[in-house]
Each structure stands twice: as structure tokens, then as C-alpha cells.
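*Asks:* Each chain, written out:
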Amino acid sequence: MSHPRTRLDDVMYQPVRFSIAAALAAAAELEFSTVRDVVEISDSLLSQHAARLEEAGYLRVRKGHVGKRPRTWLSLTTEGRAAFKEHVDALRAIVEAAPA
Amino acid sequence: MEDPVTAAAMLVHARRVQERTVKAGPREWLVQMAWAVWVLVFVPPFDFISGNIWGPVVLASSAAGTIICWRYYIRGYGRVHPLTPKQWRVWLWWSPWYAAWIVFANVFKGDIPVAATIAAVASAAPLLGYALRSRRRSARQ
Numbered sequence: 488m489s490h491p492r493t494r495l496d497d498v499m500y501q502p503v504r505f506s507i508a509a510a511l512a513a514a515a516e517l518e519f520s521t522v523r524d525v526v527e528i529s530d531s532l533l534s535q536h537a538a539r540l541e542e543a544g545y546l547r548v549r550k551g552h553v554g555k556r557p558r559t560w561l562s563l564t565t566e567g568r569a570a571f572k573e574h575v576d577a578l579r580a581i582v583e584a585a586p587a
Numbered sequence: 268m269e270d271p272v273t274a275a276a277m278l279v280h281a282r283r284v285q286e287r288t289v290k291a292g293p294r295e296w297l298v299q300m301a302w303a304v305w306v307l308v309f310v311p312p313f314d315f316i317s318g319n320i321w322g323p324v325v326l327a328s329s330a331a332g333t334i335i336c337w338r339y340y341i342r343g344y345g346r347v348h349p350l351t352p353k354q355w356r357v358w359l360w361w362s363p364w365y366a367a368w369i370v371f372a373n374v375f376k377g378d379i380p381v382a383a384t385i386a387a388v389a390s391a392a393p394l395l396g397y398a399l400r401s402r403r404r405s406a407r408q
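Protein chains in written order, with the numbering used here: chain A, 488 to 587; chain B, 268 to 408.
Just so you know, the hints here were simulated from the structure itself, not pulled from any lab data.
Note that this is a predicted model, so its numbers are computed, not measured.
Heads up, a few of these hints could be off.
[Said to hold, decoys possible] Which residues of chain B face chain A? A partial, calculated answer using Cβ under 8 angstroms: (1) Ala275; (2) Val289; (3) Gly343.
[Claimed, not checked] Covered by chain B, according to a simulated footprint, are these stretches of chain A (three or more residues, beta-carbon under 8 angstroms): (4) 494-507; (5) 520-526; (6) 577-585.
The C-beta atom is built at its ideal place from N, Cα and C for all residues, glycine as well.
Using the sequences and the hints given, assemble the complete structure.
*Replies:* As C-alpha cells, then:
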């Protein structure tokens, strides 16, 4: 049986991306500034990592308006949710496989 | 990341981020609780105060409550679209229940001196219970 580390996702492996995915996994969709605040990162860092997640097909970006103000909402795609779940399962397996 | 300590720390961190995410969204239980308390505060005085005097107060406060709730939902859902289905269904069963008790209070106000109080307690109790259960559930998430 292979070590659970082999199940870790290459894209989710990066801590900031993992945090963004964790936040998005807890909701259907989040406003950009909410993700920034809960993950505690800057706008530019969030944009950078959101782009990487989008490139991997894990994240969907939706642009709209609230009144006259432009807003951006982020959500995980089905693939993104599956990848996050698999990554979390692998982390749990690593913890459980550790000698007591 | 073979280190189980790092893996455990990542899991704890993810949990905290998810808790913060849920807290950033609208709290449905808070709205349910607020309306249950509104019923308990504003309906019983009909037993002691004339409807002509108390009615406009109730109408004004319910209009204000509706506007506040509306703004709260717009703001909350603008930030977070929750995973769990919106709990609007609670209003589908509670509204006719509340209306039935208000009809009861009107029909029996001559026979039962505390008809409005009975109606307030009976109609608010299930909503309050539902709100408290939702609150406990969201705290456990």
C-alpha cells in the first residue's frame, strides 16, 4: 500500500492555496474580500493563488455588481471540491499512520 | 509533507478558516430568534392595550424588523453563499402557525383575558426552539 503522501494534491500542497480552498469548501460561493479576510492575505496574493487554482480547473470566478459596485465571487468547481477532499483525506491518513 | 505534526497543523488550520468563513455569512438562527422574541414582546400587550393604540406600534415595528432582516440577508449573502440550503422553509410552516394563533387570539379575546399572551407563547415557542437548535448545530460545525 502506498504512503498517503502520494495522494496529496500538487496544487493544494501550497499552504495559501490550501487555505483558500478550505475557505471555499465551507461555502457555495464567497465574495473576494471575504476570502481575503478569512485567509488573512493581501488582495494581490489572493489574486495570484486564485489564478493558479483557476488554471488547475479547481476554482471558478464570477464577476457581478452589488448596486453600482463591482464584485467578484469565487467558488470551487466540482473538481476543486474533490481535490480538496482528497487532499484533506490524505492529511488525515498521514496523521493516523503516525506511530503513537 | 510526511510529517504528521505538520499534517495535523494543516487540518486544524483548515478547520479554523472554515469556521471563520461560516461566521462571515448570515446567521439564520439569529433572525429566527429575533422574530420569536418580537412576537413575545409585541403580541401580549394586546391583552391590556387597545388594538387602535397598539396596532400601529406593532405595524411600525414589524415593518422596521422586515427592513433590518432584508438588509442583513442582502449583506450576508453578498459575502457568503452558504452550502446548506437556506432555511427559508421554516417560514413556510411558521407563518400559517402564527396566523392561526393570531386568529385564535382575536376570536377568544372576549372569553379569555390572556388570549394574546397564549397566542404569543404558543406561536413563538416552536420558532424559538428551531432557532436554538440551529444555533447549536452551527456552533458544532
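*Asks:* Taking the hints in turn, state whether each one holds.
*Replies:* Going down the list of hints, with the structure as the test:
no.: 1; hint: Ala275; verdict: holds, 5 angstroms
no.: 2; hint: Val289; verdict: holds, 6 angstroms
no.: 3; hint: Gly343; verdict: violated, 10 angstroms
no.: 4; hint: 494-507; verdict: holds (count 5)
no.: 5; hint: 520-526; verdict: holds (count 5)
no.: 6; hint: 577-585; verdict: holds (count 6)
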